[in-house]
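Asks: Work out the full structure: start from the sequences and follow the hints.
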Amino acid sequence: MAGASGIGIWGVPLGVLGGAIRISTPFLFVSLGECVTEKSGRVNLGLEGTLVMGAMSAYAVSYLSGSPWIGVLAAGLVGVPFGALHGWLSSRPRVNDIALGIAMMLLGVGLAFYLGKPYIKPTAPHLPALPLGFWSDNAEVRAALDVNALFVLGLVLAPTLGWFFRSTRPGLVLRIVGENAEAARAMGYDVDRVRLFATMAGGFLAGVAGSFLSLFYPGSWNERLSSGQGLMAVALVIFARWDPLRCLYASLLFGGASAIGPALQSVGITSGYYLFNAAPYVLTLLIMIASSSATRTSADMPAELSVLR
Amino acid sequence: MSAALASVPAPPALEAVGITKRFGDSTVLDSASLRLAPGSVHAILGENGAGKSTLVKCIMGFYRADAGEVTIGGKVVALDGPRDAQRHGLGMVYQHFTLVENMTVGENLVLSRAELPFVVDFAKERREIDAFMERMPFRLDPTRIVRNLAAGEKQKLEILKQLYLGTRIVILDEPTSVLTPAEADEVLSLLGTMAKEGRISVLMITHKFREVVGFADDVTVLRRGAVVGGGKASELSPAQMAEMMVGSEVPRASVKRSAVEGGAVVLEVKGLRAADDIGVEVLSGVDLLVTEGEVVGVAGVSGNGQDELVEILAGQRAPTSGEVRVGGARYGGTRTEISARRVRLLPEAPLKNACVAALSVSDNIGLRVFDESPYTVARFGVSRGALRRAAEAAIRAFGIRTPSADAAIGTLSGGNVQRAVLARELDGRIALLVAANPCFGLDFGAVAEIRARILLARNEGAAVLLVSTDLDEIFALSDRILVMSEGRIVHETPAESADLGVIGRHMAGHS
Amino acid sequence: MRRTGLEAVLVPLGAVGATLALFGAFVTAAGQNPFSVYYEMYRGAFGTWFSFQNTLLRASPLMLTALCTALPARLGLIVIGGEGALVLGGLAAAVAGAHLSADSPLFGSGLMLLAAAVVGGLWIALSITLRAYRGVNETISSLLLAYIGIALLNHFVEGPLKDPASLNKPSTRPIPDALMIGSLPGLDVHYGLAFGVVFSVVAWVLMTKTTFGFASSVVGGNVRAARLAGLPVERLMVLAGFLGGAAAGLAGGVEVAAVHGAANASLVAGYGYAGILVAFLARHDPLAIVPVAILLGGINASGGLLQRVFGLPDATVSVLQGLLFVAILASESLYGRLRFFQRSERKAATSKLAVA
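Taken in order, these protein sequences are the chains called B, Z and Y. Under our numbering, the first residue of the first sequence is numbered 11, with each subsequent residue one higher. Under our numbering, the first residue of the second sequence is numbered 8, with each subsequent residue one higher. Under our numbering, the first residue of the third sequence is numbered 6, with each subsequent residue one higher.
If you're looking for bench data, these hints aren't it; they were derived computationally from the structure. Everything numeric in this text was worked out from a predicted model, so none of it was measured. Among the clues, some could well be false.
DEER-style ranges, computed between Cβ atoms [said to hold, decoys possible]:
id, chain 1, residue 1, chain 2, residue 2, range
1, Z, 76, B, 106, 38 to 44 Å
2, B, 173, Z, 73, 45 to 51 Å
3, B, 255, Z, 123, 20 to 26 Å
4, Z, 328, Y, 239, 16 to 22 Å
5, Z, 399, Y, 309, 53 to 59 Å
Just so it is clear, CB atoms sit at the ideal spot from N, CA and C, and this is done for glycine as well.
Replies: Given below as structure tokens:
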């Protein structure tokens with residue numbers, strides 16, 4: 011394959027770039043979802059399960075309806091009740107949101123595998139791509155620059171969310187709740203309800219992230235589809251210091267790291283393939299080590315998130 | 008909301024009649040009444056647990072009173088929480104700030120409004136805030152991040168917020184507890200001036216006579232949920248008010264301070280620096296000495312590094328530089344050092360700082376000794392029986408009220424938790440005792456007992472470092488007084504020649 | 006929160022009941038009779054001697070991986086990366102076994118398992134070290150390390166350590182037969198079960214009867230109080246992480262030494278993740294882990310039967326486990342809220358007010 015295209019080793023950076031865009035999309039949506047949730051002062055580790063549920067539902071609905079976009083919408087809508095369940099249960103006394111997230115993760119993954127069993131074989135219509143590589147007659151260049159429509163949507167969503175937190179009433183209220191629940195209560199806001207909505211919105215975005223996995227890349231539904239994006243999102247949001255725009259950059263970085271292995275493989279370098287596959291996890295870990303401190307917490311962290319260190 | 012305040016009618020009168028509030032089987036407020044005259048400053052005086060906060064929370068609609076009614080301008084209202092109160096011109100300033108630290112002054116003001124548009128136009132809001140600030144007797148830069156404001160500025164922002172909202176009746180819950188005496192005077196006199204001008208009425212919870220005498224027009228005294236007295240503040244002496252507050256309760260027990268010969272240095276702190284949780288330096292080179300048999304009081308407004316100093320001495324925080332020496336050798340708060348140098352601590356908020364709420368009273372009392380003979384079995388085992396027997400003895404000796412030694416300590420009242428900690432910390436011979444606001448939030452009886460025990464430890468030769476934001480406490484217990492401000496010791500004086508004014512100025516960072 | 010005796014039994018039972026009802030509705034929706042599903046599950050898990058032994062086989066690694074979550078949890082740490090410790094433990098055992106001579110089987114097997122435990126322990130201790138000394142969230146880092154551990158296993162099994170003879174399923178070189186661990190006397194269950202039970206009991210003694218356990222519960226209850234008492238908080242945390250990881254690593258070692266005979270992708274069987282569930286259901290009580298692991302092992306074992314008899318997907322049991330997990334956590338909020346139990350607490354509250 012490398013020889014045929016004629017660009018040889020240049021296939022690696024190109025592959026990494028294309029891969030960064032491709033692989034970053036689910037990271038982007040799920041991290042934006044986690045960002046919304048965490049801004050309200052809650053952590054939802056269950057997004058991994060929501061993501062897999064979203065992937066399954068999107069695939070099934072796309073297959074049944076013939077429209078991948080209805081599939082994306084269905085994935086988001088499936089994420090909402092998952093977020094709602096987490097949001098509601100976490101507001102009950104003595105229910106630990108971290109542990110509950112782990113439980114929701116197992117439940118979501120289990121349900122997705124159960125309900126998705128019939129959809130492993132059939133082929134569902136995929137999401138369209140924007141052929142930004144049209145100018146080149148090189149197949150590899152074109153493949154790398156086939157940018158999916160959801161990524162573009164995410165590109166718009168990230169700054170929009172930034173504006174939402176800065177300048178809109180619901181966004182500001184969400185931040186107050188995440189920064190000082192006591193103050194929010196004194197102002198008459200219902201803290202639990204705000205967090206419930208924030209977790210539901212996070213669930214929606216995680217579901218959409220899942221739809222990308224099954225409807226674009228890798229582009230099929232099976233039980234090995236997700237590789238922990240939902241959980242890595244939590245680390246990614248810390249790295250992005252709870253800023254949606256920085257979530258975008260961080261997602262691209264993660265996407266690029268994940269693309270190294272496949273890109274090298276495509277030019278025939280296969281030794282250490284599994285090690286390169288672990289690159290995003292190693293990167294996440296290194297970033298967490300670099301951005302953490304035993305003695306201090308980030309000044310950007312929503313103050314109500316003190317559980318997450 | 009932003010209508011000019013200069014020529015408005017006087018604020019409406021506020022009256023609470025026969026307010027009764029029960030929690031479970033206990034009556035916290037028993038038919039309490041008060042009247043806040045338009046344009047006046049009215050103080051509610053009472054000791055901890057007297058029902059002051061409950062009364063204002065019933066007025067504000069946080070709690071629904073079991074009996075009684077509230078009238079504003081002669082009309083009966085049943086307020087349903089802070090939003091509803093705001094519509095009636097009532098606003099409250101809390102003991103602890105309800106500001107969003109990571110936002111600007113301007114954002115905090117805008118966000119306090121009940122009605123916000125979906126999209127907030129901050130450029131326009133900014134112009135309106137500037138115009139509002141112009142009319143105010145004091146100002147703050149709207150672009151500053153609240154996190155970086157001093158305590159006094161935060162309190163001013165809380166008050167500005169109420170004025171910005173058009174509040175006519177401002178209710179304050181111990182508004183000066185986090186301020187220096189000078190800051191407190193400034194804030195209270197601003198409020199007083201605005202009340203005299205007829206802009207607002209002020210209802211203020213306090214337990215400081217000085218503030219009542221200096222700034223209030225009227226006073227209502229609460230004791231155990233009932234109104235026990237009141238009237239014109241100018242017609243009451245502090246002694247009369249104190250008698251109303253305390254009633255027939257035992258006055259402060261005092262332990263005789265025996266003369267202790269100037270002994271050896273026990274605690275030596277040299278060039279200590281430390282940062283807070285987000286990395287801002289809060290201790291900037293603290294030096295101090297405490298010798299055997301003396302109480303050194305560290306005065307200061309909270310938030311000037313005292314918490315971090317105590318945390319370092321407690322082994323809960325690592326300094327960035329400098330050192331702590333106890334008994335002549337470097338001290339890092341390890342278990343062997345604590346045990347060998349006989350260091351003990353009475354932190355504030357003992358449930359948060361010194362106890363494990365879910366563990367039993369017995370385990371908590373045994374926290375210092377569970378790994379020492381005779382509480383161990385075969386060196387690595389713990390004898391729960393031995394711990395329980397020791398705890399039962401302590402429960403009797405210190406009068407800790409608990410269902411049993413096996414009850415979780417988190418179910419006890421604050422005073423009893425502190426007694427359990429006292430029992431643990433004051434057991435045996437003590438070389439160094441560090442006490443931080445040890446009486447905070449406790450009633451008179453417990454306060455007297457704890458202070459007596461601290462003096463007793465001193466008389467037996469312990470070096471005592473007392474860190475307190477309560478100047479009365481500092482004066483009552485100390486042999487020597489240090490003042491801490493902005494992470495440094497800025498003033499030192501023997502207690503007998505200490506001057507409140509001088510100390511207050513140093514607390515405020517002026518010398 | 007102290008729980009009255011009756012409450013401590015009734016609330017979890019209620020959660021289990023609610024789960025069974027929900028799951029019953031779930032399989033009803035799938036067109037099955039819930040009662041016959043439950044009956045078959047019982048039969049598949051505990052109904053026959055054969056199926057019970059199968060359940061015990063599945064339960065034994067769960068006991069050990071549950072300790073990987075339960076021991077650090079006593080110190081307030083949430084570790085969910087037992088899978089990584091398990092696979093690397095298995096890899097270590099396989100490497101050690103392939104290099105050991107079979108002359109002294111007992112010593113050799115012991116050394117294999119020791120290697121497994123040490124490697125697994127170090128893996129989790131690494132995660133906890135990052136938490137204790139660097140403030141890195143241990144829940145996420147332990148999971149990341151699990152993914153990295155699995156990648157390492159794949160790398161070594163398919164690369165440097167691959168046995169050229171293993172074609173269909175890349176594996177390490179097989180360990181000598183003499184070093185394989187046999188079955189418990191009179192049972193078709195290997196010694197892993199004994200390890201699971203013994204280590205659970207030892208962990209219980211450690212956590213409830215020793216100074217280490219006392220110190221751990223202080224750290225878990227309030228780190229500030231632990232520091233005030235001068236306890237070496239960081240070292241205690243790392244040690245608990247090491248012990249938990251060692252248990253999970255041992256589970257991997259047993260899988261290699263008693264089941265697979267070499268390290269390969271079969272080690273990645275999800276025992277690490279199921280162990281999290283066991284630990285939470287057992288409320289991190291090492292003694293409770295034994296019966297809960299047997300229950301969960303039984304549910305897992307019955308999955309195949311559900312597939313054969315009812316044509317239900319094998320993920321059906323995952324749904325049941327997920328529902329159970331959520332229900333148990335949600336039931337936490339019920340303690341002290343059921344009117345029936347409040348009499349004694351009310352009394353305590355009254356006396357508290359009287360004192361205040």
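Asks: Hints the structure violates: just list their numbers, smallest first.
Replies: none
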